[in-house]
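Whole structure, please, built from the sequences with the hints as guidance.
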Amino acid sequence: MMRSTHRPAAAAGAAALALSLAACGGGTGDGGTSGGGGTAPRLTLGLNAAPKSLLPTVAVTGGSTLFYTPVYDTLVLLGPDGSPQPMLATEWKYDEAQTVLTLKLRTGVKFTNGEAFDAAAAKANLDRSLKAGANTQALAALAEVAAPDPATLVLTLKQKDPGVVSALGTSAAYMQAPGTFDKPDAATKPVGTGPYTLADTTIIGSEYVYKKNPSYWNASAIKYDEVALKVLGDQNAMLNAVKSGQVNAIQMAPGQKDQVTAAGWQAVAQEIDFAGLFLFDRTGKVNPAMADKRVRQAINLAVNREALLKAVVGGLGTPTAQIFNDGAGKSLDPALDTQWAYNPERAKALLAEAGQSNLKLVLPTTPLAKTLMDAVKQQLGAVGINAELQDAGPNFVTDILGGKYAASYFQFQATDPWYMMQFLLMPQGAYNPLHADDPQLAALIDRYRAGDAAAQQAVLKEINAYVTDQAWFAPWYRVQTVWAVDPKTSVQLLKGWASPYVLSFAPKS
Amino acid sequence: MLSYRLRRTLSGLRQLAAATVVSFLLLYAASGDVARNLMGESATREQVDQKAAQLGVDQPVWTQFADWLGGAFQGDLGRSWFTGQEVTEAIGIRFPVTLSLIVGTTVLTALLSAVLGVWAGTRRGGADRFVQVLSVLGVALPGFVVALVLVTQFAIRLEWFPATGYTPVEVSFTGWLKSITLPVVALTFGGMVFVTQQLRGAVIDTLRQDWVRTLRTRGLSSRRILFVHVLRSAAGPAVSVLGLHFIGLVGGAVIIEQVFTLPGLGQYTIGATASGDLPVVMGIVLLTAVVVFAANLATDLAVGWLNPKARRS
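From first to last, the protein sequence lines stand for chains A and B. For the record, in the first sequence the residue sitting at position 398 is 1455 according to our numbering, with numbers rising by one throughout. For the record, in the second sequence the residue sitting at position 177 is 180 according to our numbering, with numbers rising by one throughout.
By construction, these hints were calculated from the structure, which means they are not laboratory data. Note that beta-carbon positions come from the ideal geometry of N, C-alpha and C, so glycine has one too. Some hints here could point you the wrong way.
Straight-line distance between alpha carbons at most 27 Å, and here's what the computed DSSO-like set of lysine-lysine pairs gives [said to hold, decoys possible]: (1) K1545/A / K1268/A; (2) K1300/A / K1565/A; (3) K1217/A / K1545/A; (4) K1167/A / K1150/A; (5) K181/B / K1427/A; (6) K181/B / K1300/A; (7) K1461/A / K181/B; (8) K1167/A / K1269/A; (9) K1246/A / K1167/A.
Residues of chain B clear of chain A, computed beta-carbon distances all greater than 10 Å [as the list claims (entries may be wrong)]: (10) R8; (11) L9; (12) M42; (13) T184; (14) A205; (15) R226; (16) R227; (17) T264; (18) G274; (19) L289; (20) A292.
Below is the structure:
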């Protein structure tokens, strides 16, 4: 299945405050297990896939955060509740117009190759992220980055932007030693200021071994001398590794929950991603019928979300018709979950009203999503929508982002509302490939951008209701992301994030 | 014998050239927008085009092939487009894993097949029926099922072997032996069937030959007739099948590598092919072609030594 990789990975090498709390605080609320305070020689995690590269310029979301954050620190740390906390930047403040952000940087920090971390190094990293790579959109609000002195970084924004500080805690702000930017082995011998360094025993793509950085600026946050990330793509191998005690924690497939807990492990879940059809063609550029919101609403009404959820992910999720959540994986507006509840008769009526009783809709698919898409095709067919599935193969993402299709299946990490607006709703958003521009929605987004926290929360609900009513998407359900840990290990999950940090794990005392 | 070797070498080089050209063209045709995959979904078209130019994928296919070939002749297989790792380094790490598997499996297959094939072919009766039943099981049970049974019993229940992972031989010999034992046994279970059957049949046929009867009348011991004369005559077809089995394992060990999460070439190849990482795939193709060529040559030479008539074919 295709899953979102748009979201810059939450970062953090050393979470001084958050991790101290995680390690010592015992209970960790919704998404965590009880913590421990000791240290241990080795932590081994079983993960589904490895990132394409360890270069910050291609760093993306999900489980891959775990591969980067041992090596790269970020300027701020996104804490367990998602709020920015000090990291390489110790404090920050906006000017009155909230278009100039001044950050004070931690002094005395060095990259593991001996280079000094200072404002010039931070500027070099942000400038590079702005110019190229997977994170340009995350920093799109920046007009200029300045380093007036070694401990001060000044970011000038094009306009007020509620997401900039949070972006400094993501892969957009992974701090790599500037002297290694152009080195050919920068991706295999990554150099940052983080708590670990990549060991020579690493087998890229299979097993990543990290050794403790002895001169880390926050040594007390390091709980393991060595961390190994084993890529166990095969689900049986994952279970075998659990049963034989070869790993301490895994990112788990939904169907494994019973077997993993039977082995004495603890499973903790969050609903982060939403899956569904992205109805890109809101202006009818590719398929003119899609410009009619009744057609898009009919597509929403045609799908039996409960049945799909049960068939595809074993029921581990929540059916919904909205794309936003409350930041903790719960419905932002519970009423909207059922706004487009399965109603094939009403779908047929809407299509007839729109004069599209024999609508043809081309949907891209991949071999992995074939079973799911066959079920969707069948359900759409039941209301008279003739869905033609086209195997897009390796071009799936390129094709959908290139605007080739009027609609497509996708699974997307729905965490930060502002990022979602930037990527999904704004005319230049990567996941708005046909550049739909709705003045009413644009005005709402502007109000969100300009408002304070309370106003933003209110406007977000309006945006959510509007997008759901206009059926810009046909979401089916939010999917559970599950982590499981053995009895010797504790983990602090980050609210709304698919992956914890390496420093979020601790041995139980 | 010299001209025989020369002919085989030239034939192997032709196959090597054909394999690289065809693989390159297939990859070129099947790969998607690599630069887009590399740059991420939010990169602009200009950034993607810039990356494509940097990789050289904006060039005509023959220019790209010539560039790759020029580097390969100088021992430079380039770097992975995605991980940035040198292809020779990546292969150097992973090849020993796959080689451990296929050599271990071939040796175990040869030993077990020799014992079972000769036993069934000479004793017949109950021994033969036992080998036949074993053969049916070997064909019927897929390797990954055998692997899962082995893991459950010997790794999880008895904890004799690790369930997943690989220990390099330079780190620990016993660790290495433990990490490859179950995968090798799983691969051998199915593979030995064909070699055993081949040898069994050949032994039965050979034992019926007139010259064997002549040897018996001359007073040679049964043991000497079997191990010195019959086995040499009967081993040719079995060695050919063993050679094919070895070659099949180069690509066929993928599932077992996956079940045991061994960092061999199999998973690496699948990942590189899926992402369109052309330098990596071409490096693996080149290595595989060389291994196949060497295996074929060794098999031909072994068969030629066992049966001098084969040298004239």
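**Message:** The output says G274/B does not contact chain A. Does that hold with a beta carbon cutoff of 10 Å?
**Reply:** 6 Å, violated
**Item:** Verdict on A205/B as a residue remote from chain A, using beta-carbon distances over 10 Å
**Value:** 38 Å, holds
**Item:** Given as non-interface: R226/B, partner chain A, CB spacing beyond 10 Å
**Value:** Non-interface label on R226/B holds, nearest chain A Cβ at 45 Å vs cutoff 10 Å.
**Asked** Can we trust that L289/B is non-interface, i.e. its beta-carbon lies farther than 10 Å from all of chain A?
**Response** L289/B clear of chain A: closest Cβ-Cβ about 19 Å, beyond 10 Å.
**Item:** Assertion that M42/B lies farther than 10 Å from chain A (Cβ)
**Value:** Check fails; 6 Å does not lie beyond 10 Å.
**Request:** Measure nothing beyond the straight line between the CA atoms of K1167/A and K1269/A; if it is 27 Å or shorter, mark the hint as holding.
**Result:** It holds: about 15 Å lies between the C-alpha atoms, which stays within 27 Å.
**Prompt:** Are K1217/A and K1545/A close enough, with their CA atoms no more than 27 Å apart?
**Reply:** 46 Å, violated
**Asked** Far enough from chain A: is every CB of that chain over 10 Å from the CB of T264/B?
**Response** At roughly 5 Å from the nearest Cβ of chain A, T264/B sits no farther out than 10 Å, so the non-interface label is violated.
**Item:** Beyond 10 Å from each Cβ of chain A, as asserted for L9/B
**Value:** Per Cβ check, L9/B is outside 10 Å of chain A; nearest 39 Å; holds.
**Asked** For R8/B, is the shortest beta carbon distance to chain A beyond 10 Å?
**Response** 37 Å, holds
**Prompt:** Can we trust that T184/B is non-interface, i.e. its beta-carbon lies farther than 10 Å from all of chain A?
**Reply:** 14 Å, holds
**Request:** Verify that the Cβ of A292/B lies farther than 10 Å from every Cβ atom of chain A, and report whether the claim holds or is violated.
**Result:** 22 Å, holds
Consistency with the previously given hints fails for numbers 3, 5, 7, 12, 17, 18, ordered from lowest to highest.
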